[in-house]
Amino acid sequence: MARTYGLSLDEYAELAASQDGVCAISGAPPARRFLHVDHDHLCPGTAVHIRGLLTFSANVSISLLKDRPLYLLRAALYLVRSLNRYAESSSAAHPRYLSDSEHVEARQTLAELTRALAKLEQLTRGVAA
20 MARTYGLSLD
30 EYAELAASQD
40 GVCAISGAPP
50 ARRFLHVDHD
60 HLCPGTAVHI
70 RGLLTFSANV
80 SISLLKDRPL
90 YLLRAALYLV
100 RSLNRYAESS
110 SAAHPRYLSD
120 SEHVEARQTL
130 AELTRALAKL
140 EQLTRGVAA
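FYI, in this note's numbering the residues of the sequence shown are 20 to 148.
Worth flagging that the hints you see were computed from the coordinates, not collected in a lab. Just so you know, these numbers come straight off a predicted model, no measurement behind them. Ideal Cβ positions, reconstructed from N, Cα and C, are used throughout, including at glycine. A hint or two may mislead.
[Unchecked claim] Derived Cβ-Cβ restraints for the label pairs, each shown as a range:
#	residue 1	residue 2	range
1	Asp59	Ala135	17 to 25 angstroms
2	Arg70	Ala137	22 to 30 angstroms
3	Leu139	Val79	36 to 44 angstroms
When you get a sec, could you build the whole thing from the sequences and use the hints?
Written out as structure tokens, the structure reads:
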């Protein structure tokens, strides 16, 4: 860790404690002994900008989406919209998977994500997505 990220074991422990020992994205505890150090791959130069500690799955997931916040938000919107379509479906091929309260929550989440996407798109104008 020290060689790769410039992070001592004490600094790692402090960072883990600041996150209550869980993944900064999923809130899940580590599946094995430790959480993975997440760093910004888009940080210019040779500096390493550590963002936090993540489970392996969360770390790989954001990496596959190229560490781009806009991609991540669009992926979240895609999933919530899909949940809404299933919730509204009455066909036998697409049974209702969500309870009424879950459907309301999904709609609220969709509205929040839509607003966040609009704000993020404004912030990232001119920045490669």
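Q: Evaluate the given range 22 to 30 angstroms for the C-beta pair formed by Arg70 and Ala137.
A: The hinted range 22 to 30 angstroms holds for Arg70 and Ala137, with Cβ atoms some 24 angstroms apart.
Q. So does Asp59 sit 17 to 25 angstroms from Ala135, Cβ to Cβ?
A. holds (20 angstroms)
Q) Measuring from beta carbon to beta carbon, are Leu139 and Val79 in 36 to 44 angstroms? A) violated (22 angstroms)
In this structure, the one hint that does not hold is number 3.
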